[in-house]
Amino acid sequence: MNRSFSKVEALAKLALVALLAGGLALPAIAQTTITYADWQLAQEGWGKSLRAAIAEFEKDNPDIKVKAEPVPLAQRDVRFSTAIRAGEGPDVFALDSNPVRQYIAEGWVRDLTPFVTAAGGRSFLADFYPNSLLPVTVDGKTYGIPMNTVAMGLVYNKKLFDEAGITAPPKTWEEFREVSKKLTRSSTGTGTVDRWAFTIVLAPAGFDLRVSSIFRSFGGDFLTPDWKRSALDSPEIKAAFNYIIDLILVDKVIPPGVSQVDANGARRMLANQQIAMKIGTTWSFPEVSAMNPQLDGWNVLKIAPLPVRAGSISPVHTTLYQKSLFINKNSKNPDAAWKLVKFLTDAPRMERWWDDNAMLSSRRSVNEGYAKIKQSVPASVVASEIQYGAFLPLIPQWPQILDAIRQNLQAAVAGTKTRDQALADAHNEVNAILERK
Amino acid sequence: MPLSATPGGRLPVAAVPRDIGRAMIGERHTAWWFVAPASAAMVLILGFPAIAAVLGSVNLGWGSAKPFGVASYVRLWSDAEFLRTLLNTAIFVISVVSLHFVLGMGVALLLNLEIRLRWLFRVLAILPWTMPDVIGGIIFRFMFDTLYGGINAVALALGWIDQPIDWLGRPGLALFSVIMAEAWRGYPYVMLILLAGLQAIPREQYEASEMDGAGPWQTFIHVTLPNLKMMLIIALVLDSVWECRLFGMIFGMTGGGPGQSTQNLTLLVYKHYFQFFDTAYASSIAVVLAAILMVAAMPYLRIAIRRAE
Amino acid sequence: MPRARMSWALTYLALLAMAGYNLLPFFWMAASSLKTDIEVTAFPATLLPRTLTFGAYGRIWEQEGFVQFFVNSLKISGSTALLSALLGVFAAYGLSRFDFRGKRALMMAFLASQMLPGVLLIGPYFKMLSLVNLYDTHFGLILAQTTITLPFSVWMLKGYIDTLPVEIDQAAMIDGASRWQCLLYCILPNILPGLVATMIFAFLLAWGDLLWALCLITTPEKQTMTLGITNLVGQFRVLWSDVMAATVIGCMIPALLYLMLQRYLVQGMAGSAVKG
Chain F
1 MNRSFSKVEA LAKLALVALL AGGLALPAIA QTTITYADWQ LAQEGWGKSL
51 RAAIAEFEKD NPDIKVKAEP VPLAQRDVRF STAIRAGEGP DVFALDSNPV
101 RQYIAEGWVR DLTPFVTAAG GRSFLADFYP NSLLPVTVDG KTYGIPMNTV
151 AMGLVYNKKL FDEAGITAPP KTWEEFREVS KKLTRSSTGT GTVDRWAFTI
201 VLAPAGFDLR VSSIFRSFGG DFLTPDWKRS ALDSPEIKAA FNYIIDLILV
251 DKVIPPGVSQ VDANGARRML ANQQIAMKIG TTWSFPEVSA MNPQLDGWNV
301 LKIAPLPVRA GSISPVHTTL YQKSLFINKN SKNPDAAWKL VKFLTDAPRM
351 ERWWDDNAML SSRRSVNEGY AKIKQSVPAS VVASEIQYGA FLPLIPQWPQ
401 ILDAIRQNLQ AAVAGTKTRD QALADAHNEV NAILERK
Chain R
1 MPLSATPGGR LPVAAVPRDI GRAMIGERHT AWWFVAPASA AMVLILGFPA
51 IAAVLGSVNL GWGSAKPFGV ASYVRLWSDA EFLRTLLNTA IFVISVVSLH
101 FVLGMGVALL LNLEIRLRWL FRVLAILPWT MPDVIGGIIF RFMFDTLYGG
151 INAVALALGW IDQPIDWLGR PGLALFSVIM AEAWRGYPYV MLILLAGLQA
201 IPREQYEASE MDGAGPWQTF IHVTLPNLKM MLIIALVLDS VWECRLFGMI
251 FGMTGGGPGQ STQNLTLLVY KHYFQFFDTA YASSIAVVLA AILMVAAMPY
301 LRIAIRRAE
Chain A
1 MPRARMSWAL TYLALLAMAG YNLLPFFWMA ASSLKTDIEV TAFPATLLPR
51 TLTFGAYGRI WEQEGFVQFF VNSLKISGST ALLSALLGVF AAYGLSRFDF
101 RGKRALMMAF LASQMLPGVL LIGPYFKMLS LVNLYDTHFG LILAQTTITL
151 PFSVWMLKGY IDTLPVEIDQ AAMIDGASRW QCLLYCILPN ILPGLVATMI
201 FAFLLAWGDL LWALCLITTP EKQTMTLGIT NLVGQFRVLW SDVMAATVIG
251 CMIPALLYLM LQRYLVQGMA GSAVKG
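Residue numbers (the working numbering), protein chains in the order written: chain F, 1 to 437; chain R, 1 to 309; chain A, 1 to 276.
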């Protein structure tokens, strides 16, 4: 009796010690907290979608806690740059392609090459579009991982096309002009035109993607391929420039007041059926549909590749938009941050970005393999256009250059400068900006 | 200083010199204690930054990398944008103040009459001025909107035009629109000052004029206007100063555009500070603006100081 | 008062025209705020809403965080008014009751500083406030807005104190009161309406300010109403109906307060140079 009791006692003591040791060890599995900053966290649809993904990530990685930080798009760069310069800033953040090169040049983003190599190196990157890796790769080093890539196309209202007797979207800009004249009319019969064919974005918000697409589809570009000098004196750009102004002033197929139209305004016009076509991409569908549910946007709107200039052989005829993820140079938890980056850009998440937000992925396998994307006509069209798209010049002075071009185009439209003068001024101003560096 | 000369019309009492109180209780320096807090605050929040701005414009003061020099001011006179903006500001102020005078005078004359429900019309008369200026700018931005604005809608409905007018997209029209908007918003200010002046005109003068057989227009020229001279100067000077400094209204309505056609000096300074980060140049423009305002306000300042003593 | 020679009909017609002209933008603002988002962007625009909806008000209140902006503006404008009144009433008393060397210059300083453009000061303010960590804070904004309200408050309050005869002070002092007690117990109670009017005007000046808020506040949650409304235009997906609803709210308080105070308006505007 005594001996068995002492055995039980010993066992109990052992169990107690084990429990204590275990109890003490548990808190040692510390929790790391990382911050993730994204302007789309502030948007209704995207915000929900991202947060759901983050919740899943936290479930898979119980030792990591993610703090979501929405940041307004207009203040994003100011906030990030001030914080990072001060040694702080979010661990993981998202950027569109415009400021990426500046961030890399300033040393604000971490070199991800070691992580990429550990994840498979070239085979890891092979699934991403080669185009999409361009902005985030410098000197062979990978600084960011692409998340969403789309190309700009021509969004049009099929119902209005049918009413005007137009059977197919225009394939050349010459056809486009003919089509536009048919689409511009008065729906009330009073003689006042209240339906137009098209609009263009001349206000700052959204100007870059849309006007550049037109320039490119004419076979020209803003800068020479080495991004060192202006290419605005090429005959292709001159043709594009004049074409845009003709649409506004001569054909009048664009509603008056175009100089104040921004991306949001263009969507509103399409939603209200005041225009029949606009330059957009997959995101136009949910956006415009939300603006006017009665329009039945998903059924009535279609997207086609941008028209090109007849006979143009340029391999690039549209502009790409891309969102990528980066890790802060100052991050104290780079490993946890990398896990989040990898998670948000893996194939299952890419499918979710389409389901929730109608945004294509930067992964070729998803765009070409995911059933729902393949079934969606708009998505397939845009996906196939990605190979024909190029990014806007990835240089730090880009915002200034853009503004010079925009102001001169506006001046030509308003008539304060002649067209040739405006284009020449734009060309000279851009060169001056590039030389100033 | 005799009491009866002080403003507000006090009860006439025996002239008691002010400093009797002081002498009696020996409070020579008490005055300073009273004005010190506000004066110190003024020096800190107004004087110091103002001087810093002036110094900054000649590259003195903190943070200046370059040596002292009037380069900023020299640059002004060859800067086409500055000269254009100066012209814009002049056109804007002259047009707006003129319209304020016409509208203000007219309504003041109306409100000076014996009319029923005068209190109601008085309330309606000052309504535009109660609107914060940037909000006014935004509302007019919408009203003048080419497709969605009310102005084009009314003009189209009345058949005055058959295509919407691009008010805010064409430089000349934009300046016109901004002037119209501010004419609406600011005229009650002038109206109130003129109304106060009108109400102070002694009735006998009008009665005398009537007995002389003068018509309304002649009465206006010979009785009303001369009596209003002082108030007119005050009203127009103050109004000009306000309109030179206008920021929110134009910022909200056009942001200075299209191009720079509605940009005034205030917006130009803001642009150079916060878009181009060119502090020395921005300060120099601001100093020029401040100098213009001070010079323009001289008549009013002299009158006001004299009256207030 | 001149007996009107023109016919009464013409007079009332003119008054009605004035009323209509003044009310037009308010009407547009209110009507637009009650339209659906599709109707508010219809071409050509409708004048009266075909379908009445209060959706815009609901949206800006919940989604855009306007409650916060409204509260911020109340807090900041109120504090500015209080601060100016406090400092101002002391200075006004000193300027009204005493003669001293430099008084004229000081009065000129208070008066002339109202003519200084705010843009002159925004640059140095930016640096100054950053140095003491007051950039992007409500307190910093209050200090900045005081540059507008303080000179004005001093001037207005001096006018009111001037209307009270010096005998009041002297009577009190003979009874053994100090100057400070004079101010507190004799002067202040008598100028209470004027003091309140001054504070409300200062409040309104601060409420309508955009320049300072624009330059000194970057965090969205700290914005004032005017700044919030400005940023609403041109944001990602904002509708004119929402913007107009916001402006209705932004206009109501100033309109109400100014209308309550119209009696004091003339004195406030032209200073004591105008016989009230």
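Fair warning: there could be bad hints in the mix.
What the hints assert, rightly or not - Result set (BS3-like, lysine-lysine): computed pairs, CA atoms no more than 25 Å apart in a straight line: (1) K342(F) to K323(F); (2) K229(R) to K417(F); (3) K222(A) to K271(R); (4) K159(F) to K141(F); (5) K302(F) to K372(F); (6) K252(F) to K238(F); (7) K171(F) to K238(F); (8) K374(F) to K141(F); (9) K67(F) to K222(A); (10) K103(A) to K271(R); (11) K252(F) to K417(F); (12) K302(F) to K238(F).
Calculated directly from the structure, the hints in this document are not laboratory data.
- [ ] Could you tell me which of the hints above the structure violates, numbers in ascending order?
- [x] Failing hints, ascending: 2, 4, 8, 10, 12.
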